[in-house]
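Listed in order, the protein sequences are those of chains A and B.
Throughout the first sequence, residue numbering follows the working numbering, covering 40 to 201 in sequence.
Throughout the second sequence, residue numbering follows the working numbering, covering 711 to 1006 in sequence.
For the record, the hints were derived by calculation from the structure and aren't laboratory data.
You may find that some hints are simply not true.
Listed next, with one range per pair, are the computed distances between beta-carbon atoms [unchecked claim]: (1) B:D811 with A:A74: 52 to 60 angstroms; (2) A:A74 with B:S910: 49 to 57 angstroms; (3) A:A74 with B:F900: 13 to 21 angstroms; (4) B:E936 with A:L157: 51 to 59 angstroms; (5) A:H152 with B:G826: 47 to 55 angstroms; (6) A:L190 with B:L953: 30 to 38 angstroms; (7) B:F900 with A:F80: 26 to 34 angstroms; (8) B:P944 with A:E191: 56 to 64 angstroms.
Some chain A residues well away from chain B (every beta-carbon gap over 12 angstroms; in silico) [as the list claims (entries may be wrong)]: (9) K45; (10) P50; (11) D99; (12) K107.
Remember, it's a predicted structure, so these values are computed and weren't measured experimentally.
The C-beta atom is built at its ideal place from N, Cα and C for all residues, glycine as well.
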Amino acid sequence: MGEFAKDVMEPRFLTVTPEQTITAAVQVFRQAAEATGERVFGLMVTDHQGKLVGMLSMYDIFLLIRPKHIHIWGEMSDLELSGIIDAACHQAGKMLVGDIMTTDLITITPDTHLLHVLDIMIKKHVRRIPVIDAGQVVGIVYISRVFNSLLEKLTGAAAACR
Amino acid sequence: MPIIDHLQVLKGLTVQEAMRRQVIRLDQNAFLDQAIRAMTKFKVNALLVMGQDQAALGVVSKTDLMTAYYGGLPLQTPLESIMVGPPLFCQPQDSLDVALDQMREFRVHRLYVRGGENEAVIGVLAFPDIVGMLYRFCYRCDRSLLQRRERQDDLNWDESFLVREVMTPEVTVFSETDSLFDVMGGLAEFKFGAVPLADSSGQPTGVVSKSDLVMAYLHGLDPETEAKLVMSSPVVVCDQEELLLTVIKRLIFADLHRIFVYKDRPQDLVGVLSLSDAARFRSGSCRACLVSRIKI
């Protein structure tokens, strides 16, 4: 395993567009997981030219589903709450990706050093970073890939010490 | 929110017991579209605008964004251009009473809470949160009217209150062919959060709220667009004779803050019921505690 973003990035990725609904985006989450064989908790949002315009995470969708007034009804034991999750998901599913995506983007290039990637993930509290080359998305680096890469190196270092 | 594990009345409650610790904030150079997305995602009506040195400079609310839309500002306008500042602050140890007086005096719905050695912003005290918390306290208080009714009359209290007892008996209906400009003007003039729209026969067909208007702004709609294109439909209505509990449940399920109220026929709107109305009424049922003196 090398020492740069290109060595740990996932080159297989699916994207969503700002015009897609959250319901449609959730389907893409599933497809992306099937395509890569890994759990996917965040997707890149691209426009029709393929340019990165945002990120959509599982947390964004959680926020959307969380009922606005939950602080009021949390202790109302006299309310029948069956169906509340279905109702919240129905409401959230109609929203557009572009309505809630994060547009304050952090990106790296294929040649960004792995320790620099690590530094960004720690400082910015991000778990996935798009990789951009010549203005185009070429991959995505997941925190799990970085961790696995470092595990290999740590294991190798430990073996060398023995 | 604190866990309510005691039955005392509210006197002596402090800001830190009612404040929300998650403060949604954006940089002064962030654009209006970022603010709309943040408010939509976090379901808040305002956010804090921060300076380069992490100082809290001002506040941008949905009303401010609606005004920017009305004024034709581009979405790529920095927040510092429309923010209202400086924000109003309180301290975590301030009494809720004092904080509420401050909110009334300055006619704001929220105060930001500063604390710690560096006086950083550590929370926000917003009126809906206070209402919710008061409701929770009062719900458990054995001095409240709710409890006394149950004991004295042997009635299920939730069957005792009707919508008409709690609603605001005032509603202004717009035409669905009115422009977004017209609706924005109406919301500003009457200080409403949302208005119902009706077709040419007077039948209510939808609702336009400030949230719908800022989303229209984000989607780049011309303010001359007919309001029916952005309205939420159908109008969520209830009969004024319906049980309060049933209607609260409907509001919660629809993730709405308000419902329009009719008398006899669904097209005859006579008022509006918000969760704040409901919470105020039910929290205010006990004259022995501070709750009953809170004005919304």
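Outcome of the hint check:
1. B:D811 with A:A74: 52 to 60 angstroms: Once the Cβ atoms are compared, 58 angstroms apart, the range 52 to 60 angstroms for A:A74 and B:D811 holds.
2. A:A74 with B:S910: 49 to 57 angstroms: Because 52 angstroms falls inside the window, the suggested range holds.
3. A:A74 with B:F900: 13 to 21 angstroms: Violated - the Cβ-Cβ distance for A:A74 and B:F900, about 52 angstroms, lies outside 13 to 21 angstroms.
4. B:E936 with A:L157: 51 to 59 angstroms: With Cβ atoms ~53 angstroms apart, the hint holds.
5. A:H152 with B:G826: 47 to 55 angstroms: For B:G826 against A:H152, whose Cβ atoms are near 36 angstroms apart, the range 47 to 55 angstroms is violated.
6. A:L190 with B:L953: 30 to 38 angstroms: violated (60 angstroms)
7. B:F900 with A:F80: 26 to 34 angstroms: violated (44 angstroms)
8. B:P944 with A:E191: 56 to 64 angstroms: The hint (56 to 64 angstroms, Cβ to Cβ) holds, given that B:P944 and A:E191 are roughly 58 angstroms apart.
9. K45: holds (30 angstroms)
10. P50: Non-interface label on A:P50 holds, nearest chain B Cβ at 29 angstroms vs cutoff 12 angstroms.
11. D99: The claim is violated: A:D99 sits with its nearest Cβ about 6 angstroms from chain B, within 12 angstroms.
12. K107: Answer for A:K107: violated, closest chain B Cβ roughly 4 angstroms.
Going down the numbered hints, you'll see the structure goes against 3, 5, 6, 7, 11, 12, while the others check out.
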